Amino acid sequence: MGEKVSVFRREHFNAAHRLYNDAWDYSKNEMVFGKCALPNYHGHNYEMEVKVTGEPDKETGYVIDLKLLSDIIRREVVQRFDHKNLNLDTQEFKNLNPTAENIVVVIYKLIRPYIDSRFDLQIRLYETPRNFVEYPV
Amino acid sequence: MVYLTRAEHFNAAHKLYNPSWSKEKNDEVFGKCANDNWHGHNYELFVTVKGEPDPDTGFLVDAKKLSTTINQHVIEKLDHRNLNLDVDFMQGKMCSSENLVIEIWNQLQPNLPANVQLHCIKLYETPRIYVEYFGRK
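Same order as they appear, the protein sequences are chains F and W. Position 9 of the first sequence, counting from 1, maps to 9 under our numbering, and the rest follow consecutively. Position 43 of the second sequence, counting from 1, maps to 1043 under our numbering, and the rest follow consecutively.
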């Protein structure tokens, strides 16, 4: 068994969203989500750190070619969400509140099929420089 | 002369769209920034004032009071808002970062203590794009 190494690729997208539970009335949404529930949306520069862990390949020395990882993230995530309204413009959040927690799980599920099953995958998502989430834990 | 900078931030949705142009022309000029349903950013705002420190306090301006002024006249109007729809001082203007810094200057200028001058409004739209305004030259 060789040594495992984690490699990371950082990508970003800019999107609008709002936090709103349709099953609640406006005042309950306002009470729980505060100004994040405002009707005309707000937005963020989302930054993703995608972590792939495994043994480096004996012939290349790579865990995964970071250019290939970048291409997967851009194709599966950035093209879907960049300069979009997460609530209105995406299938993934038609019926799912686009909190950072839900977004990070969606990103994981979009990328996982394209990463070799012998590797571990973990996503860290920054909603702001001060608020970030990770999945899986 | 001493320069003092206060950093603040706000998260907002916007789009770049000129209503006197066709949809096609907007798409051609503004690309994905013209997306109908908005997108958004984490804006970072840097307000720089200049003047002579007060001999009694050693302060150019009380940084806490400067923060209160910026929050009252700018951040509260912009944070978690849609810049095109919700902000009184951006009505009828294109919501580019260039126009935002000019209008932020106009909001703050009349509300600063008499002994300080506004020197610069610097606004990061993303970590890689920022604009600066030094007032009417």
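Treat the hints with care, since some could be wrong.
With a cut-off of at most 16 angstroms between alpha-carbon atoms, the simulated EDC-like pairs for lysine to aspartate or glutamate come out as follows [as the list claims (entries may be wrong)]:
1) W:LYS1077 - W:GLU1044
2) F:LYS51 - F:GLU11
3) W:LYS1032 - F:ASP82
4) F:LYS35 - W:GLU1076
5) F:LYS109 - F:GLU92
6) F:LYS35 - W:ASP1079
Chain W regions said to be covered by chain F (calculated; three or more residues, Cβ under 8 angstroms) [what the hints assert, rightly or not]:
7) 1008-1014
8) 1035-1043
9) 1073-1086
Rather than coming from a laboratory, the hints here were simulated on the basis of the structure. Nothing here was measured: the structure is a model prediction, and the numbers come from that model. Backbone N, C-alpha and C define an ideal beta-carbon position, used for all residues, glycine too.
To see whether the hints hold, each was checked on the structure:
At roughly 15 angstroms between alpha-carbon atoms, W:LYS1077 and W:GLU1044 fall within 16 angstroms of each other, so this suggested pair holds. Of the pairs offered as hints, the one joining F:LYS51 and F:GLU11 holds, with about 12 angstroms between alpha carbons and a cut-off of 16 angstroms not exceeded. A C-alpha spacing of about 8 angstroms is found between W:LYS1032 and F:ASP82, which places the hinted pair at or below 16 angstroms, so the restraint holds. Under the criterion of a C-alpha separation no larger than 16 angstroms, the hint pairing F:LYS35 with W:GLU1076 is consistent with the structure, at around 11 angstroms.
The hinted pair formed by F:LYS109 and F:GLU92 meets the criterion: a straight-line CA distance of about 11 angstroms does not exceed 16 angstroms. Straight-line distance between C-alpha atoms of F:LYS35 and W:ASP1079 comes to about 8 angstroms, which keeps the hinted pair within the 16 angstroms bound. Note: the region 1008-1014 of chain W has 5 residues with beta-carbon separation from chain F under 8 angstroms; the three-residue rule is met and the coverage holds. As drawn, the region 1035-1043 of chain W meets chain F at 7 residues by the rule of a beta-carbon pair under 8 angstroms; at three or more, the given contact holds.
Counting residues of the region 1073-1086 of chain W whose C-beta sits closer than 8 angstroms to any C-beta of chain F gives 6, which meets the bar of three, so the coverage hint holds.
Violated hints for the displayed structure: none, as all numbered hints are satisfied.
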